[in-house]
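Participant: Let the hints inform the model, and build the full structure from the sequences given.
Just so you know, the protein sequences line up as chains A and B, in that order. For the record, in the first sequence the residue sitting at position 196 is 196 according to this note's numbering, with numbers rising by one throughout. For the record, in the second sequence the residue sitting at position 407 is 407 according to this note's numbering, with numbers rising by one throughout.
Derived by calculation from the structure, the hints in this document are not laboratory data. Cβ coordinates follow ideal geometry from the N, Cα and C atoms, glycine included. There's no promise every hint is true.
Claimed, not checked - Computed, partial: chain A to chain B, Cβ under 8 Å:
#	residue
1	9
2	69
3	72
4	125
5	129
6	191
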Amino acid sequence: MSLVNFTTREITCKIVYYGPGRSGKTTNLHYVYGRVPESRRGRMVSLATQTDRTLFFDFLPIDLGQISGFATRFQLYTVPGQVYYNATRRLVLQGADGVVFVGDSQARQLDENLESLQNLQSNLLEHGIDIRTVPVVMQYNKQDLPRELILTPAELDDALNFRSVPSFPADALHGQGVFETLKSISELVLKRLAAGSTA
Amino acid sequence: MTSTLNPKFTFETFVVGAANRLAVTAGRTVAENPGSAYNPLFIYSGSGLGKTHLLMAIGHSAKQLAPQLNIEYLTLDEYVEAFHAAIAAGQGDAFRRRFQNVDALLVDDVQFLTNRKEMQAELLRLTEALQQAGHQIVLTSDRPPSEIADLDERLISRFSGGLVVDMGIPDYETRVAILRRKAEERGARFQPGVLETAAGIDFPNVRELMGALNRLVAYQAVNDSPINAEAARKVLGVADATAASPTAVSSTAAAGTPGPDEFSQFLTDVTVTVGKAVEAWRARVAEAVLRWEGEGYRTGRLEKLLDHDNPSAVDEAIASYIHDVERLKALEAEVGALDPQAAGDKVFRDPDRMAEAEAEAAKVRDGAAPPPAPSGAFPLDSYAGGASNDVALSAARAVIEAPGKKYNPLVLAGHSGLGKTHLLNAIGLELMKKKGAVVACLSTQAFVDELIAAIDGDRVDWWRARYRRATALLLDDIHLLAGKDRTQEELFNLFNQFLDGERQLVFTAPAHPNKLEGLEERIVSRLEGGLVAEIGDPDRAVRRTALERIFSQQKMTPDPALLDYLADRPTDSVRSLTGLVQRVSEAAAAQDQPVTAGLAREVLEGQPPAGGGGRRTTGLRTSGLVVSSAGGVRSREKMVWDWPSAADRVIEDLR
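Facilitator: Here it is as structure tokens:
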């Protein structure tokens, strides 16, 4: 998808929140939704249908208005975290300009995190995209849980962030780290434009 | 164009509660008796409360009861689209016929009529036609007719003339019923209390209620074990509390997290990043495109730059574009002053056609010679002033001092030969000394002739423009306009423009404007609206000054006695003095004598000198003026044949 359209003067960023089930992706979106003025946000859509179980994701469009003469829009998506919704995940990933990997900080969820990360990589490959070329940031959610249950951001960095992308500790429920993460991914995505990559 | 009715949206699937009972009953009635019960029926409610469902249910039900009925359902957008397509295809009438033949017209989302005047008119026409034919109209909107911004009063009254019903947010019981029915439709079974939990949440509309149901269905499917009320509360409570209720949001904000300005901050950051990221040059080009496009210039040249990945010398290209645009602006302004019509040419809006623009401007420039200027032969200094023309002269000075402000128009009235033309030109010359002044000064005859030539050459606009740019218009002998209707018309327009723009108008006329014949009343009244300065017969002071001027022009130095003698001779025009001097000086030349008072007396009163011409007839006093070779008197008209009697003259002088 075209990120920057010079003819219509539009910038559209599709950002996908990826991660294992119950890691807090939707919570991230809800927090953003609550912070965006009503005029700027579209309806937050949470889709789930009985007839097509694979179609299950959250969608939040945000209109940032005119920036440098460009109508700028962000589209935030979450993928279903559950393992067997992979087809949906792949679908949602299609055309993503950036990915936020929302990891669960709980120690016992580490394996799920790793599995989801691998799943992200393979799904991107399915679309013919090398994960190293896509802007990705990590968010270590649930840092508000008791110390004994969770890993520290440093430990999680060691375990998950082997590509050394920007990472943020977060407490999505209360908003800690949510906008930092969004800001970081937005910057990465938008900076790719400077490299002349408009496709 | 017309949408088909969704088969799911019937009365059977519509859950009726207290909030929508009236609307549904009205809908059923209309479906059973289209055109006769409530016409039009106007249903409004917030988003997601079942307007479309009800509208389609009416359609289904009516069709079911009377299959032969022609029923059209469409959204206003579709209606507008169909209308535009029909107009574009030249099928406007067919379009109207098509809709006038439906038995029931169901239009969804009419709130989009805002700011669509032509559609409102069209819909009004259609509503009237359908109502007259007894056909049913049902409309839905998200607000009542009176609150649809900018809606035609007639439409409001028409809509309100039938039945306007609203549908509210369903109450708890209705919500439970809706959830039960929907769950059933999907074949989903929930433990007792689950749906009630969902129904307990205050959703603003049914659509979001459906979202909650969807979530429950999804969670139940994921967990493979029946979800219970508590789990349902968790599923919906956690997620939906933040989304739907503002109190939940404020409670999270109160929990010591960063303030509500996170979004603005984010926006600022993104703006900075975008500014840097959208490669600076692209942003600059895009800005230039936006700006000049906004001003109405073609930006093809700049847009081409954007097609390149890395064009060289972007700033130079923009600069040269701006330079060209500035030049175009200058050209357009220049041309606009000369010929307003030519200025509208789109060639002045396309920097890619500079050469054409220059050529066009040159063409206009060539065509637009400045209007005729006053003659340099009549300086103000040489104008002889005296009691007889005191008013005119001081008015002239006032006009010169503050053109357009004090006496506008100034009409110099007086009979021929009193120096009106001189004064007119003198005013013109003085006005021309002002900065940026364009003084048009010409005889009315020339003015008329120019207009005729312009009409002949199909250049009337150009001719008008030529005078419109003048800062002062001075017309000699305005009475010559008599009977020239077209010129009077043009002058009238010019007149108004000059008055509006506080630009000076000066006219000369042989008499007070209200005594002139053949002038339209509107011109006369405008002439009288300024100052009419009448110039009387020259008094002695004027005569003497004029004589001095005449002699000096002929390089003669008369002795004072001669001047006094000549100045004492009454005359009714300054011009005749020229003839007088001519005659005396010719006689002097013939007799080879200096010009003296004695000679003059001899020439003018005594026995005519030999060969002097015996033109004088006794008993009839004339000014002694004869047609001279110097051309001082050009026409018979300018000659004075009859003197007033002495008694009259004395009175005249005393006045």
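Participant: Hints first: check each against the structure and report whether it holds.
Facilitator: Results for each hint:
1. 9: 6 Å, holds
2. 69: Interface hint status for residue 69 of chain A: holds (5 Å vs cutoff 8 Å).
3. 72: 6 Å, holds
4. 125: Check failed: Cβ of residue 125 of chain A comes no nearer than 26 Å to chain B, outside 8 Å.
5. 129: 20 Å, violated
6. 191: With a minimum Cβ separation of about 5 Å from chain B (threshold 8 Å), the hint on residue 191 of chain A holds.
Consistency with the previously given hints fails for numbers 4, 5, ordered from lowest to highest.
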